[in-house]
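Same order as they appear, the protein sequences are chains A and B.
Numbered according to this note's numbering, the first sequence terminates at residue 761, and the numbering increases by one at each position without gaps.
Numbered according to this note's numbering, the second sequence terminates at residue 134, and the numbering increases by one at each position without gaps.
Hints in this document: simulated from the structure, not taken from any laboratory.
C-beta atoms are modelled at their ideal positions from N, C-alpha and C, and glycine is treated no differently.
Incorrect hints may have been included.
As the list claims (entries may be wrong) - Residues of chain B clear of chain A, computed beta-carbon distances all greater than 10 Å:
1) I40
2) K62
3) L66
4) A69
5) E79
6) S89
7) S94
8) G103
9) D104
10) S105
11) K121
12) G127
13) N133
Said to hold, decoys possible - Below, computed lysine to any residue pairings styled on SDA-like, alpha-carbon distance capped at 20 Å:
14) B/K62 - A/N700
15) B/K126 - A/Y659
16) B/K25 - A/S716
17) B/K62 - A/S729
18) B/K126 - A/T751
19) B/K126 - A/K718
20) B/K77 - A/D687
21) B/K62 - A/L690
22) A/K718 - B/N119
23) B/K126 - A/L737
24) B/K126 - A/E719
25) A/K720 - B/N119
26) A/K706 - B/E76
27) B/K126 - B/Q34
28) A/K720 - B/K62
29) B/K62 - A/L660
30) B/K126 - A/S673
31) A/K666 - A/S729
32) A/K706 - B/S30
33) B/K88 - B/Q34
34) B/K25 - A/T759
35) B/K62 - A/Y659
36) B/K62 - A/N656
37) B/K25 - A/P688
38) B/K62 - A/K666
39) B/K78 - A/N656
40) B/K62 - A/K706
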Amino acid sequence: EAQVTQNPRYLITVTGKKLTVTCSQNMNHEYMSWYRQDPGLGLRQIYYSMNVEVTDKGDVPEGYKVSRKEKRNFPLILESPSPNQTSLYFCASSLPGGYGYTFGSGTRLTVV
Amino acid sequence: QQQVKQSPQSLIVQKGGISIINCAYENTAFDYFPWYQQFPGKGPALLIAIRPDVSEKKEGRFTISFNKSAKQFSLHIMDSQPGDSATYFCAASRGGGSNYKLTFGKGTLLTVNP
Chain A
650 EAQVTQNPRY LITVTGKKLT VTCSQNMNHE YMSWYRQDPG LGLRQIYYSM
700 NVEVTDKGDV PEGYKVSRKE KRNFPLILES PSPNQTSLYF CASSLPGGYG
750 YTFGSGTRLT VV
Chain B
21 QQQVKQSPQS LIVQKGGISI INCAYENTAF DYFPWYQQFP GKGPALLIAI
71 RPDVSEKKEG RFTISFNKSA KQFSLHIMDS QPGDSATYFC AASRGGGSNY
121 KLTFGKGTLL TVNP
């Protein structure tokens with residue numbers, strides 16, 4: 650089954666404790682991206698990657714890092730999480746041109 | 021600057037009725053307009069999409085109508101069912117850009133009453 654897999658699904662952590670949310674896709678997509686979803690603000694792009702070793706900032710990159718060492722994996726790293734990063738996070742992958750965007754099931758992160 | 025405006029925020033429809041959700045965009049460089057359906061606890065799932073070279077696309081009970089001159093597009097759900105109750109997002113992207121970013125509307129919570 651074609652899918653994007655995120656882990657963990659739920660995470661509660663404390664301010665300042667580094668964490669990584671993993672993302673893996675099995676569709677051989679070159680393009681991957683991270684979004685956060687917040688009430689009243691919709692989905693906003695954090696970072697994206699056009700291919701292995703090629704990443705760039707989206708609309709809300711502050712406080713996040715990413716890496717793309719393999720085509721299938723695109724982890725999101727919060728080196729020093731803060732409460733304003735409490736959100737629902739989605740990883741997605743896509744064919745060239747943005748067609749057929751497929752989203753993961755989400756990671757609900759709470760930073761206390 | 022909100023580049024894709026979606027309305028209404030919420031919508032209640034009776035079973036068998038027609039649900040209509042509207043979106044307007046500002047960036048004329050957008051060339052791909054998908055709609056996503058999201059159930060609680062799930063990620064957005066692609067429902068139907070259209071490119072600006074056609075004015076309408078239909079897939080089963082779901083139809084996108086597209087008005088390029090007005091920079092508007094809408095989703096029509098015919099014969100709405102309780103199972104259609106979900107949040108719907110319109111989106112837009114530039115296929116030829118360096119970032120295949122989807123710019124989303126803020127979503128419409130659809131409730132279909134039995």
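The hints, checked one at a time:
no.	hint	in the structure
1	I40	20 Å, holds
2	K62	6 Å, violated
3	L66	6 Å, violated
4	A69	8 Å, violated
5	E79	14 Å, holds
6	S89	23 Å, holds
7	S94	18 Å, holds
8	G103	19 Å, holds
9	D104	19 Å, holds
10	S105	18 Å, holds
11	K121	5 Å, violated
12	G127	6 Å, violated
13	N133	24 Å, holds
14	B/K62 - A/N700	26 Å, violated
15	B/K126 - A/Y659	23 Å, violated
16	B/K25 - A/S716	32 Å, violated
17	B/K62 - A/S729	27 Å, violated
18	B/K126 - A/T751	19 Å, holds
19	B/K126 - A/K718	33 Å, violated
20	B/K77 - A/D687	30 Å, violated
21	B/K62 - A/L690	18 Å, holds
22	A/K718 - B/N119	19 Å, holds
23	B/K126 - A/L737	15 Å, holds
24	B/K126 - A/E719	32 Å, violated
25	A/K720 - B/N119	17 Å, holds
26	A/K706 - B/E76	34 Å, violated
27	B/K126 - B/Q34	23 Å, violated
28	A/K720 - B/K62	24 Å, violated
29	B/K62 - A/L660	16 Å, holds
30	B/K126 - A/S673	26 Å, violated
31	A/K666 - A/S729	6 Å, holds
32	A/K706 - B/S30	32 Å, violated
33	B/K88 - B/Q34	31 Å, violated
34	B/K25 - A/T759	29 Å, violated
35	B/K62 - A/Y659	12 Å, holds
36	B/K62 - A/N656	13 Å, holds
37	B/K25 - A/P688	15 Å, holds
38	B/K62 - A/K666	27 Å, violated
39	B/K78 - A/N656	35 Å, violated
40	B/K62 - A/K706	25 Å, violated
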